[in-house]
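Trainee: Under numbering that gives the first Met the number 0, the residue at position 121 of the sequence shown is numbered 120, and the numbers go up by one with no gaps.
Calculated pairs, SDA-like style, for lysine to any residue (alpha carbon to alpha carbon, straight line, at most 20 Å): (1) 49 - 126; (2) 54 - 88; (3) 172 - 147; (4) 49 - 117; (5) 172 - 57; (6) 85 - 164; (7) 112 - 45; (8) 172 - 58; (9) 59 - 162; (10) 172 - 148; (11) 85 - 113; (12) 172 - 88; (13) 59 - 45; (14) 54 - 174; (15) 54 - 130; (16) 54 - 121; (17) 152 - 39; (18) 75 - 117; (19) 152 - 171; (20) 59 - 88; (21) 112 - 74; (22) 152 - 84; (23) 152 - 83; (24) 59 - 171; (25) 85 - 115; (26) 49 - 109; (27) 49 - 116; (28) 59 - 91; (29) 54 - 150; (30) 75 - 161; (31) 172 - 160; (32) 112 - 77; (33) 112 - 124; (34) 112 - 50; (35) 152 - 56; (36) 59 - 93; (37) 112 - 47.
Rather than coming from a laboratory, the hints here were simulated on the basis of the structure. Here the structure is a predicted model, which is why all the values come from computation and not from measurement.
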Amino acid sequence: MGDINFGRMKSNPWLRGLLLTGLVVLALWMARSEKYTFSPNTTFTTITGKHLALKDLQGKPVLITFWATSCGSCIKEIPHLIALYKQFHQQGLEIIAVAMAYDPPDRVVAMAKELNLPYPIVLDITAEHARAFGRIWATPTTVLINPEGTLAKRVVGAFDPADMQNRIEQLLKSTSPSPIARSMG
0 MGDINFGRMK SNPWLRGLLL TGLVVLALWM ARSEKYTFSP NTTFTTITGK HLALKDLQGK
60 PVLITFWATS CGSCIKEIPH LIALYKQFHQ QGLEIIAVAM AYDPPDRVVA MAKELNLPYP
120 IVLDITAEHA RAFGRIWATP TTVLINPEGT LAKRVVGAFD PADMQNRIEQ LLKSTSPSPI
180 ARSMG
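The task is simple: from the sequences and hints, build the whole structure.
Mentor: Quick look at the structure:
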């Protein structure tokens with residue numbers, strides 16, 4: 000009693016269809032009800048020991064990428080992240096790369112050094128940051144926070160570099176002083 004006969008399920012297309020429909024409905028319900036929030040009180044500690052409090056970065060756009068050294072899409076995104084950092088950091092963009100809890104710290108540090116990553120790298124050993132940003136489990140996941148400190152965009156999977164560049168440009172335009180304020184300064 001209580002055992003499931005999977006052999007019977009394999010031979011019964013109606014039962015398989017019902018199970019598949021149930022799984023699809025459950026997945027859609029979970030995705031629809033997912034609220035992408037984050038804690039503005041999050042403080043990151045980088046692999047160099049520097050502390051970055053998210054609330055101290057308010058007034059700037061912040062791009063946070065959750066990644067892993069074993070994630071092919073994450074590795075393919077790195078050149079785009081470096082390009083965004085080089086193009087926009089002087090204008091105020093901050094990029095923080097958070098390595099997932101399952102990623103061996105020595106591999107993360109070695110890759111950061113090998114690729115000479117210009118932006119801060121954080122080890123999320125206890126998965127506190129993944130939880131703080133809405134239970135992130137898939138890599139890459141990119142979170143773009145606007146200068147007001149609220150969520151501007153969340154992308155699960157590889158982001159579109161042109162779209163991300165455009166979004167960052169728009170956020171930076173919204174934070175730059177008006178021509179009148181510049182002439183008065």
